[in-house]
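Whatever position you read off the sequence shown (first residue = 1), add 169 for this note's numbering.
A couple of the hints might just be wrong.
Restraint-style ranges between C-beta atoms, simulated for each label pair [stated by the list, open to error]:
id, residue 1, residue 2, range
1, T485, I359, 22 to 30 Å
2, E276, I521, 51 to 59 Å
3, R551, Y338, 25 to 33 Å
4, A417, W687, 22 to 30 Å
5, I521, S322, 28 to 36 Å
6, A188, P296, 35 to 43 Å
7, P232, E312, 30 to 38 Å
8, G277, H654, 50 to 58 Å
9, V539, V186, 49 to 57 Å
10, R624, G434, 49 to 57 Å
Quick caveat, the hints were computed from the structure, so don't treat them as lab data. Since the structure is predicted, the reported quantities are computational estimates derived from the model, not experimental observations. Backbone N, C-alpha and C define an ideal beta-carbon position, used for all residues, glycine too.
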Amino acid sequence: MVSAADAHDAAALLTDVPADHRVALVDPRFVGHLHALRLGLTDPRFPAATVPGALTAQPQARPALVRALERSTAAVGAGAPVVDPGTGPAPGDRTLPGRIAVALEAEGVAVQRPALGSLVAAVPTDPEQQAAAVAGVSAVDDEAVRLRNAVKSRDGFFTTFCISPYSRYIARWCARRGLTPNQVTTASLITALIAAGSAATGTRGGYVAAGILLLVSFVLDCTDGQLARYSLQYSTMGAWLDATFDRAKEYAYYAGLAIGAARGGDDVWVLALGAMVLQACRHVVDFSFNEANHDSVANTSPTAALSDALDNVGWTVWVRRIIVLPIGERWAMIAVLTALTTPRTVFYALLIGCALAASYTLVGRLLRSVTRKARRTERAARALADLADSGPLAQAVASLVHGPKRALTAPAAALIGTLVMVGGALFLPYGSWLTVVAAAVYVVLSGFAVARPLRRALDWLVPPFFRAAEYVTILVLAARSDVPHAVPAAFGLVSAVAYHHYDTVYRIRGGTGAPPQWLVRTIGGHEGRTALVAVLAAVLTHTSGFTPALTALAVAVALVVLVESIRFWVSSSAPAVHDEGELA
170 MVSAADAHDA AALLTDVPAD HRVALVDPRF VGHLHALRLG LTDPRFPAAT VPGALTAQPQ
230 ARPALVRALE RSTAAVGAGA PVVDPGTGPA PGDRTLPGRI AVALEAEGVA VQRPALGSLV
290 AAVPTDPEQQ AAAVAGVSAV DDEAVRLRNA VKSRDGFFTT FCISPYSRYI ARWCARRGLT
350 PNQVTTASLI TALIAAGSAA TGTRGGYVAA GILLLVSFVL DCTDGQLARY SLQYSTMGAW
410 LDATFDRAKE YAYYAGLAIG AARGGDDVWV LALGAMVLQA CRHVVDFSFN EANHDSVANT
470 SPTAALSDAL DNVGWTVWVR RIIVLPIGER WAMIAVLTAL TTPRTVFYAL LIGCALAASY
530 TLVGRLLRSV TRKARRTERA ARALADLADS GPLAQAVASL VHGPKRALTA PAAALIGTLV
590 MVGGALFLPY GSWLTVVAAA VYVVLSGFAV ARPLRRALDW LVPPFFRAAE YVTILVLAAR
650 SDVPHAVPAA FGLVSAVAYH HYDTVYRIRG GTGAPPQWLV RTIGGHEGRT ALVAVLAAVL
710 THTSGFTPAL TALAVAVALV VLVESIRFWV SSSAPAVHDE GELA
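Given these sequences and hints, build the entire structure.
This is the structure in structure tokens:
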């Protein structure tokens with residue numbers, strides 16, 4: 170820490186700081202809470218941030234900071250304002266850091282201004298203001314505020330009332346011992362994998378232990394995010410781990426239950442894969458709808474207005490959050506039923522609960538879509554196209570039908586294609602080449618669906634239809650094959666593909682765009698993989714080769730997707746975020 174006499178001196182001192190270091194400017198008259206400074210100066214997610222009297226800049230914003238300081242010096246020397254008065258800082262922050270923050274914004278640098286709430290951050294200019302600021306600091310316990318803010322402002326009922334009241338203190342304990350959110354996330358994953366292994370024993374003691382360990386894993390899962398918010402330790406690796414480990418834990422636990430049931434003579438692999446498919450499909454409905462409406466222009470909906478009105482009736486908020494069966498309620502249900510009942514009962518309850526939750530959310534989103542008046546942006550259309558995961562076959566068809574006006578809307582084409590594909594897999598004789606014909610029809614209709622930008626009110630349904638077509642086709646063909654271990658192999662394939670789809674979602678959320686097109690082409694796109702599985706079922710009808718073929722495909726997809734995903738999330742281009750999104 171060094172002192173600068175003025176803006177010119179500060180600019181000179183900055184040149185001595187290595188270019189890859191974060192720097193901060195703090196007015197020496199600053200009075201406020203320590204946590205107010207933490208929020209303003211240590212959050213790694215933003216190129217620049219400010220609170221009254223303090224400013225920080227990441228390496229990428231440092232050149233603009235130096236220019237702003239030099240411009241400030243020149244402006245003060247000439248008796249002119251640092252920036253245009255019409256865009257100047259608010260009267261409450263006319264300190265040099267506040268003015269420099271506005272100058273940075275004038276250069277196009279995004280400057281974060283964290284909400285301080287009851288925390289104090291001020292630069293007093295007279296004894297009266299000094300006394301008021303000091304009194305404000307004494308009146309508020311910033312550690313209590315820090316603990317409170319470590320918890321998500323919007324979370325599920327079970328998490329809010331049964332986990333967060335004590336997990337925040339675990340997060341503080343971890344912070345004081347130097348543990349990182351990534352270490353806690355990894356501990357959560359390991360605990361869940363041990364839970365899956367306990368369930369795989371197929372014994373009552375194993376099931377009880379699995380239920381307890383699953384709840385412990387969820388406590389740690391809540392703790393890692395609270396630790397990240399408490400200590401402001403956001404990282405690219407943390408974003409990747411947090412975004413993917415929840416799914417890995419849940420799917421591994423499903424597999425453990427299925428293995429345990431098989432040890433007891435009950436084959437529930439179809440139920441396990443069905444639960445995974447349903448869960449992934451309901452998630453893509455949420456993701457697709459939210460991306461379609463992320464930045465809609467003139468967005469109005471009576472349904473949304475009704476939802477906002479119900480938010481003022483406290484108990485309805487919790488009822489609606491419970492209905493959607495978020496991860497807290499879902500894992501609590503799974504843990505309790507595992508300990509007390511059988512894997513088959515667990516999966517029946519999971520399928521029924523997730524089906525009701527999916528129906529509730531789907532109806533709500535449909536009502537909002539048909540009653541709102543909105544113009545979707547190019548970004549939203551691009552996000553939906555990326556979520557569609559169309560491969561070379563669909564893109565080739567799309568290039569042929571792009572020009573003429575189509576009779577089918579995008580959702581209609583996707584729905585008809587899905588019905589043809591799933592219907593063929595379900596009702597045609599297993600191994601029939603007519604199923605391959607159905608797959609060819611699905612490819613063509615998939616191309617029709619994405620031939621034009623997805624900007625209409627219901628176009629967000631296209632990715633969910635594609636997910637359902639691919640996942641359900643793999644499930645049905647594996648289940649109907651009567652080949653040993655075909656469904657577990659299909660479970661592995663859907664897991665690998667679902668990872669790719671979740672990875673796509675979190676890249677888009679981070680603002681870095683979808684995975685590269687070469688990756689989508691390499692793994693075939695949704696229509697290519699679906700058609701390939703249909704061909705394998707026809708070629709390897711009722712032979713033991715179907716299981717190795719599905720396994721090989723699963724391994725190939727997993728290797729390509731994981732290598733590219735790990736490369737991206739550990740790179741400098743990955744977003745430094747920690748998931749704060751929907752109730753997963």
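Range hint 22 to 30 Å: satisfied by the CB atoms of T485 and I359?
violated, 38 Å
Range hint compliance [Cβ, V539 to V186, 49 to 57 Å]:
holds, 56 Å
May I ask you to test the hint 35 to 43 Å on the CB atoms belonging to A188 and P296?
holds, 41 Å
State, for the Cβ atoms of A417 and W687, whether the hinted interval 22 to 30 Å holds or is violated.
holds, 25 Å
Taking 25 to 33 Å as the stated bounds, is the beta-carbon spacing between R551 and Y338 within them?
Since R551 and Y338 have Cβ atoms about 43 Å apart, the given range 25 to 33 Å is violated.
Could you see if the CB distance from P232 to E312 stays within 30 to 38 Å?
With Cβ atoms ~37 Å apart, the hint holds.
I521 paired with S322, Cβ distance criterion 28 to 36 Å:
Taking Cβ atoms as reference, I521 and S322 lie about 30 Å apart, which means the hint holds.
Taking the beta carbons of G277 and H654, is their distance inside 50 to 58 Å?
Given range 50 to 58 Å: holds, Cβ gap about 57 Å.
Is 49 to 57 Å a correct range for the gap between the Cβ atoms of R624 and G434?
holds, 53 Å
For the pair E276 and I521, does the Cβ-Cβ distance stay inside 51 to 59 Å?
This hint holds: roughly 56 Å between Cβ atoms.
The structure fails to meet hints 1 and 3 from the earlier list, while all remaining hints are met.
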